[in-house]
Structure formats: structure tokens, C-alpha cells
Amino acid sequence: MAPAPSSTSSAITLNINGEKHHLPIDHRTTLLDALRERLDLTGTKKGCDQGQCGACTVLVDQRRVVSCLSLAVAAEGREITTIEGVADADELHPVQQAFLDLDGYQCGYCTPGQVCSAIAVIEEHAAGWPSAVTDDPAPEAGPPPLTPEEIRERMSGNLCRCGAYVSIVQAVARAAGEYAAEGSTAGKHAAEGHAAGKDAAEEAAA
Amino acid sequence: MREFGYQRAHDITGAVTLLAADPDARYLGGGTNLVDLMKTGVERPALLVDVRELPLDRIEPTADGGLRIGATVTNSDLAVHPEVRRHYPALTQALLAGASGQLRNMATVGGNLLQRTRCGYFTDLSQPCNKRAPGSGCPAVAGEHHNHAVLGASDHCVAVHPSDMGVALTALDAVVSYESADGPGEVPITDFYLPVGDTPHRETALPPGALITHVTLPAAPVAARSRYRKVRERASYAFAIGSVAAALAIEDGRVREARLALGAVASRPWRARAAEAVLTGAPADGATFAAAADAELAAARPLPHNGYKVTLMRNLVVSVLTELAGEDTR
Numbered sequence: 132m133a134p135a136p137s138s139t140s141s142a143i144t145l146n147i148n149g150e151k152h153h154l155p156i157d158h159r160t161t162l163l164d165a166l167r168e169r170l171d172l173t174g175t176k177k178g179c180d181q182g183q184c185g186a187c188t189v190l191v192d193q194r195r196v197v198s199c200l201s202l203a204v205a206a207e208g209r210e211i212t213t214i215e216g217v218a219d220a221d222e223l224h225p226v227q228q229a230f231l232d233l234d235g236y237q238c239g240y241c242t243p244g245q246v247c248s249a250i251a252v253i254e255e256h257a258a259g260w261p262s263a264v265t266d267d268p269a270p271e272a273g274p275p276p277l278t279p280e281e282i283r284e285r286m287s288g289n290l291c292r293c294g295a296y297v298s299i300v301q302a303v304a305r306a307a308g309e310y311a312a313e314g315s316t317a318g319k320h321a322a323e324g325h326a327a328g329k330d331a332a333e334e335a336a337a
Numbered sequence: 259m260r261e262f263g264y265q266r267a268h269d270i271t272g273a274v275t276l277l278a279a280d281p282d283a284r285y286l287g288g289g290t291n292l293v294d295l296m297k298t299g300v301e302r303p304a305l306l307v308d309v310r311e312l313p314l315d316r317i318e319p320t321a322d323g324g325l326r327i328g329a330t331v332t333n334s335d336l337a338v339h340p341e342v343r344r345h346y347p348a349l350t351q352a353l354l355a356g357a358s359g360q361l362r363n364m365a366t367v368g369g370n371l372l373q374r375t376r377c378g379y380f381t382d383l384s385q386p387c388n389k390r391a392p393g394s395g396c397p398a399v400a401g402e403h404h405n406h407a408v409l410g411a412s413d414h415c416v417a418v419h420p421s422d423m424g425v426a427l428t429a430l431d432a433v434v435s436y437e438s439a440d441g442p443g444e445v446p447i448t449d450f451y452l453p454v455g456d457t458p459h460r461e462t463a464l465p466p467g468a469l470i471t472h473v474t475l476p477a478a479p480v481a482a483r484s485r486y487r488k489v490r491e492r493a494s495y496a497f498a499i500g501s502v503a504a505a506l507a508i509e510d511g512r513v514r515e516a517r518l519a520l521g522a523v524a525s526r527p528w529r530a531r532a533a534e535a536v537l538t539g540a541p542a543d544g545a546t547f548a549a550a551a552d553a554e555l556a557a558a559r560p561l562p563h564n565g566y567k568v569t570l571m572r573n574l575v576v577s578v579l580t581e582l583a584g585e586d587t588r
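Chains as they are written, first to last, in my numbering: chain X, 132 to 337; chain H, 259 to 588.
Excised from the complex, chain X in its bound form (with noise of 0.2 Å):
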């Protein structure tokens, strides 16, 4: 779509959870202010609005992002995923679940954008991605164990202001771990960090 430089609004399509939507909209609409108020998508949460809590985030093309400083006129083409969306059908998504079985959470506000960032993290980490806390960024060197410590770096962009971290960091250790168990994408990547998660669990829980 090529709306004319003058125009100041376009129509759009937005790829979201699999399904096409179409709606007219202005160019200073975000991602998150589409999701929530034009597509009432609302489980995606608008914490500070400036990306510096994480509440908002979704993933686009499979990564994560902040969907507070992602404009919706630029995500046209891309494929969305929002906590809407992890699930399949009835059966929870195993991070969801993790969440729920350990208590990941206490209000809940920040648990979408958990979730979704935590989703990203197990992906990243089996794609071999090294973090800040990595000790050796080379290659060579390997995946990291998924510590806590690794955990706590990798999902540093999601603030919970009730603290539920200690459980956050369980329950993104042991989906982790099962994902590696079930041979899903992120765990044909990384039979290293099946066992490393349910060390970090454990570890974690200690």
C-alpha cells in the first residue's frame, strides 16, 4: 500500500494471530493503542508507555518487541503474535502453564508481555544466542546453561511491580526445559538447555 506523502492516516492490514484485519487508521496509532483499542486485543498491557516495562510486549515476525513504540502503519505486512494468540486452542502454551503452576505473577498486569517475552527468550537462547551475563560470547563456546542468573538478564525487559520475579524465573526455567523434553523447535537447538532448565529450576526453587 502506498498512501500518498500528504495523507496522514491509511488503510491498513494488520496480520495478527493468524487472521487479516483491515482498518482505516492514523499514523500516530501505535501497535499496542491498535491491539487495544481498534482490534480489542486487550491482553496485550499498556504499562509505561515509553518501553521501559515491557507489559506491552508482542511478538512480530517471531521476535519480540514493545508494541508501545512500534507504530501500526509500520507492522503492516508483519506477522503478529499476541498473548491471544500463544495458545493453542484450549491447551495452554507451556510457558502459560508454567506460569500458572508456579505462580509467575501476582496482579497479573505484566504476565502477557511475561509470557510473550519469555516465549522469545526460550527461542533466542536455543538459537544459541549468548546474553550480557554470558561469559564467553564465541560461538565455539556454545549455548549458555540457561541459568537463573541467564534468566534474570534475558527477561530484564519486563518489570513486575509486584515482584513476582523468584517465580518468574522458575516457571521460565522449567517451560524451558520442557519445551527441550518435547523435541519442539526450540528443543531440536538445544538439548544443552533441556537439562540447564530444569537445573535452573531447581536451582531457582532452592
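Hint data in this document are derived by calculation from the structure and do not stem from the laboratory. It cannot be assumed that every hint is accurate.
Dumping the calculated EDC-like pairs for lysine to aspartate or glutamate here, alpha-carbon to alpha-carbon at most 16 Å [what the hints assert, rightly or not]:
hint, chain 1, residue 1, chain 2, residue 2
1, H, 297, X, 180
2, X, 151, X, 210
3, H, 297, H, 261
4, X, 177, H, 294
5, X, 151, X, 215
6, X, 151, X, 207
7, H, 297, X, 157
Please read these numbers as outputs of a predicted model, since none were measured by experiment.
Use these hints to put chain H onto chain X, whose structure you have.
Chain H alone, transformed into the frame defined by chain X:
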């Protein structure tokens, strides 16, 4: 927020032409800084030219053994690229020390270089700021400046550049390539950011409307032994209060080659050439590292509330160099 037009650029010339035609137009990369500044009214573009679909998203080897990085490569993709991790580990560490996983997935290399200071007066429209409103004054000099510059500042502006990536690129002698209405050009990153002087609103050597297209890393065997360390007020997801990118090559106990850049101490990533001069050829020991740090920081002009940065940077430089030298001087 001011209303604005939006266009996706599909070729570099088209993008540059759009910017040349409208002084109120801006390039949109990841938007992590620009969209934020638009919300507060610091930036009020009439047109956004989205550059993320330009063919600038590749990282390619150069003939001389370096890397040519497209301007729209995301911070995440650059950080995890095998060649970067292998040959320029300080760059990977700098990138991973910046922002959050979400923001690194959005932010581009070009945008990272052009991000604006996080000085609270710059982002607060109710305050004067010489960078935002030239000639209006700088309240930071007598106000909140605990995280402001100790090197290269002026009475007109004491803001620091917030990039981590830029500090590593500065130590690595990166070259910034751009396309402008007058054709292509390139500038070493050490000349990319302009001295503050009395024109803090003029931040870079880019011609008006120019588009950063690539950042090139020359081959640098010394960089295989390089490191980035960042100090901040919390363990993660915060801007630096001081950082160091360093590379060291040692031969027979002496420093054969050294690269050093400091972050969060100046309006730009600060190449520490005075320190490098002390290091080169000297014994690779704690006394040399301390002398090098002192040589660089002799030019420091701290304000009443940021004198701690001088001590912090001295200790940080000595610590990182000591770590790279693989010896313990304590």
C-alpha cells in the same frame, strides 16, 4: 503528537530524495527512540520514511577481512552474528549490554548511532535546552547532572551520548557510510560526532537528510582479545554511568597494540588516544594501566555532582585492561 505522513522506502535513492524534499521528514528505523521522542513532542516530523525494507539488512565480509554491516541490521542480529562474536567480542558485549531483548530486536545499527541523549532536560519540553532549543540555556550545568559528561563538554551542553554499541565501534575504528542528495560519503566514527562547543544541537557530521547505509569494521586482529564492560545503577536494562571498550595485544610482556574507548562520559563515544599512547610499547602491568587511565582523565572537568565518574572510569579502565592482560595486579 503532530500528524505525519508515512512512506515505506524501497530503494536508497528514493528514501534520500524524500528526505531532501522535506526538512521535517525523518527516517524511521526501529523507532525505539524516535517514536518515544515524538510522544513527548521533542521530535515533530511531518513525514516518516520507513527504511526497514531497504536492502541494508546484511552483514558481509569485506575484501580486507573486515565486516560491512547494513544500517538496518538490528542490534540483536549484529550481536549474535558468529563473525562478530568471534572477531569483535567487545561489540557483541556492548550490544547485549544495551537496552532490553525487545528493544534490541527493534533497534537498528543506523538508529543506534543517531539516538539522542537521555538528559532529562533535553526530553522535558518545559525546560530550556541548548541541544533541543539552541540558545535557551543548559539547566544541567547547575542542576541534575550526576550522569553527565566529564570529558569534552562545554558550558552550553554537558549531556552524554547513551550508546553502548557506539563505544565499541569507536574502539574498533568503524567507518560510517551514508548516502545523501549530493551522493555517497563516509566518515570515520571518531569524526562522526561533532565537538559540543557552542553548537550542541549539531550532533553529527552527516549532511542534512543523509541516510546511514553501512558501518564498516576494518580487520582488527587485536579485537579478538577485546572486551566491553558497563557500569550502571542496576544490574540490567539501564543506561551506562560509565563504560569501557578495550582491546589489547601483548608481546613479550609489553603492549604491542591497544584500543580504548570510554562511554557515558562525553557527548560522543570517547576514543582514549592519550591512554593508548601511554599503553603502546609499555609493560603490560597495573602501573601502566593506571598511568594510561590517568593520562586520559587528566582532561576531565567534572561538575559538582559527577566527580565520581573520574574515579569510576579510572578503576574501570585498569580493571578491564588487567582482565584482558590476564593478570592480577592486586
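How the hints compare with the structure:
For the suggested pair residue 297 (chain H) and residue 180 (chain X), the alpha carbons sit about 9 Å apart, so the restraint of at most 16 Å is met. As the CA atoms of residue 151 (chain X) and residue 210 (chain X) are separated by approximately 10 Å, the hinted pair is consistent with the 16 Å bound. Between residue 297 (chain H) and residue 261 (chain H), the direct Cα distance comes to roughly 11 Å. Compliance with the 16 Å bound is thereby established for this hinted pair. A threshold of 16 Å between alpha carbons decides the hint, and for residue 177 (chain X) with residue 294 (chain H) the separation of about 14 Å falls inside it, so the pair holds.
With a C-alpha separation of about 14 Å, the suggested pair residue 151 (chain X) and residue 215 (chain X) falls inside the 16 Å cut-off, and the hint holds. Restraint check: the Cα-Cα separation between residue 151 (chain X) and residue 207 (chain X) comes to about 10 Å, which is no more than 16 Å; the hinted pair holds. Restraint check for residue 297 (chain H) and residue 157 (chain X): the C-alpha separation of about 14 Å stays at or below 16 Å, so the hint holds.
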